[in-house]
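**Q** Next come the chains, spelled out residue by residue.
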Amino acid sequence: MEIDKKKCVGCGNCHAVCTMGVIYLDEDGKSVVNQDECVECNTCYRVLRNERRRPWFLRTIRKILSFFRLGYLAEVDVCPTGALTLPELEWPRSIRAVFSDPTTVHPGTGVPGRGTDEIKTNDVTGRVRKGEVGLVIEMGRPGTGAYFRDIEKVAMALAKLKLHFEKKNPVTQLMDNPETGKMKDEVLNEKVLSAIIEMKTELERIPGFLRTLEMVQKEVDTVISVGIASKCLPDGTVPHEEWVKKAGYKFSLNGKTNIGLGRPLFEES
Amino acid sequence: MTNTLHRQGTLESLKNDYIIFAHTARGITCEGSAPKLQKFMRICLKYHPVNIGDDKQGNIYKDDIDIQKLISNQGDGAGALAVFTDLDTLQKVVEELIQADLGISINISGLLDEVQTCCQRAGIQRHSAEHSLGFWGARDRLPEREILEFNTMCGHGMVSFNLIRKMIDYVKLRRLTPKKAARIMAKCCECGAFNPLRAETLLEKVRKGEREIQD
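Protein sequences appear in the order of chains H and Y.
Residue -11 is where the first sequence starts when you use the numbering used here, and the numbers rise one by one after that.
Residue -4 is where the second sequence starts when you use the numbering used here, and the numbers rise one by one after that.
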């Protein structure tokens, strides 16, 4: 994101809305974006309504008000002068928007967002089948953001377990070598709001996966949200629950349920 | 995409938070899905969701959004969602969706046992389920629990920690009502998964300095 300093009146509304908290007031009293830390999610641009006020008019009002020790408070969800500007992004910076802005459809997956459909369409795709588990490691979430150099550390540790990275996943597509989890060098210093490593394996390998994640989590400077999914048994039981408990971990009370209304239903041979 | 998986909160608070969404699979159910997605949204709308939207067009809290236009503009695509605050209404929606037999995948995020009960009452068995195993890594970078309860209602992370703090401050200072502050947060969440009614309740509690007991 860029801010047009000719238009900015330094109201500060974009500072709070910024998902990474990386917009600040410069010495000239106008807002500026820390480009290294901005993930190009465009939230500020989308959320703050452009009031199309004339910058000189607002600046004059503010000067007059400040003379009387009064302040000018813009409404919380506006950019009074439309100073926020969408930049043209070039590779590799362009991946920031692809991973961070949910309105962007990833060219590789055809799905908006940072991952694939995972179990959301499992009733028709059969992606996670009987005896299998889907593993979802979302790096940078909640609200912290992640550099690909950290994502690579986790991917490389998990790759040693010989699990299957989901081919259609956007992170997998940025790997130099999915056998090792090594990412392309040019993306390592790119930061995204979050990115999802997706894989699947057999249920009995859950404890090994969790042990590995336990170790590698200490090496990264971001948070990780971990999800685990499987196809239910005919009586509705969730097969991975037993394996997670055996490994000594707790899971959430809430979660996601595919209720199986997709057609044609995927039939396992 | 796991945008509704990691919602934080007490059991009591999560009992008022169910997201139902329609999703299509490329090459299987995506092509020709527009009328089905529109039907899905119309069925949801009938039961007065507290939020409804899709990734492409946004949600009903965005500026200048007309819900009927949002539905009719729904093309073949990934999906749509709606948020409900009680299980009985959710069950009615599920029953009507079963009747409608749209043939697209339907998912529900919420308390897993309650959703399972809802499915069984509606005469179906759940197909697949996903749990959150919580937050790992540099957890010291996370803010306090109350902030996370708001932030995780938008799994895409569009409601920033700083905005939540600002909204809490404004509500405490009576510059904004809890309702208005909740709507501003909901506006940020592009797909409409944010539950503004739950946010309003949480803001009321925060304003009064009440703390919830974590289950």
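Hints are computed from structural coordinates only; laboratory data are not their basis.
All values derive from a computational prediction rather than experimental measurement.
Among the clues, some could well be false.
DSBU-like cross-link-like pairs, simulated, lysine-lysine; straight-line CA separation at most 35 angstroms [stated by the list, open to error]:
#1 H:K(-6) - Y:K10
#2 H:K172 - H:K206
#3 H:K156 - Y:K200
#4 H:K118 - Y:K10
#5 H:K51 - Y:K174
#6 H:K18 - Y:K57
#7 H:K141 - H:K(-6)
#8 H:K18 - H:K118
#9 Y:K174 - Y:K87
#10 H:K(-5) - Y:K174
#11 Y:K57 - Y:K87
#12 Y:K31 - Y:K200
**Q** Could you run down the list of hints and mark each one as holding or not?
**A** Each hint, compared with the structure:
| no. | hint | result |
| --- | --- | --- |
| 1 | H:K(-6) - Y:K10 | 49 angstroms, violated |
| 2 | H:K172 - H:K206 | 23 angstroms, holds |
| 3 | H:K156 - Y:K200 | 43 angstroms, violated |
| 4 | H:K118 - Y:K10 | 30 angstroms, holds |
| 5 | H:K51 - Y:K174 | 33 angstroms, holds |
| 6 | H:K18 - Y:K57 | 27 angstroms, holds |
| 7 | H:K141 - H:K(-6) | 42 angstroms, violated |
| 8 | H:K18 - H:K118 | 57 angstroms, violated |
| 9 | Y:K174 - Y:K87 | 27 angstroms, holds |
| 10 | H:K(-5) - Y:K174 | 31 angstroms, holds |
| 11 | Y:K57 - Y:K87 | 27 angstroms, holds |
| 12 | Y:K31 - Y:K200 | 39 angstroms, violated |
Of the numbered hints listed earlier, those contradicted by the structure are 1, 3, 7, 8, 12.
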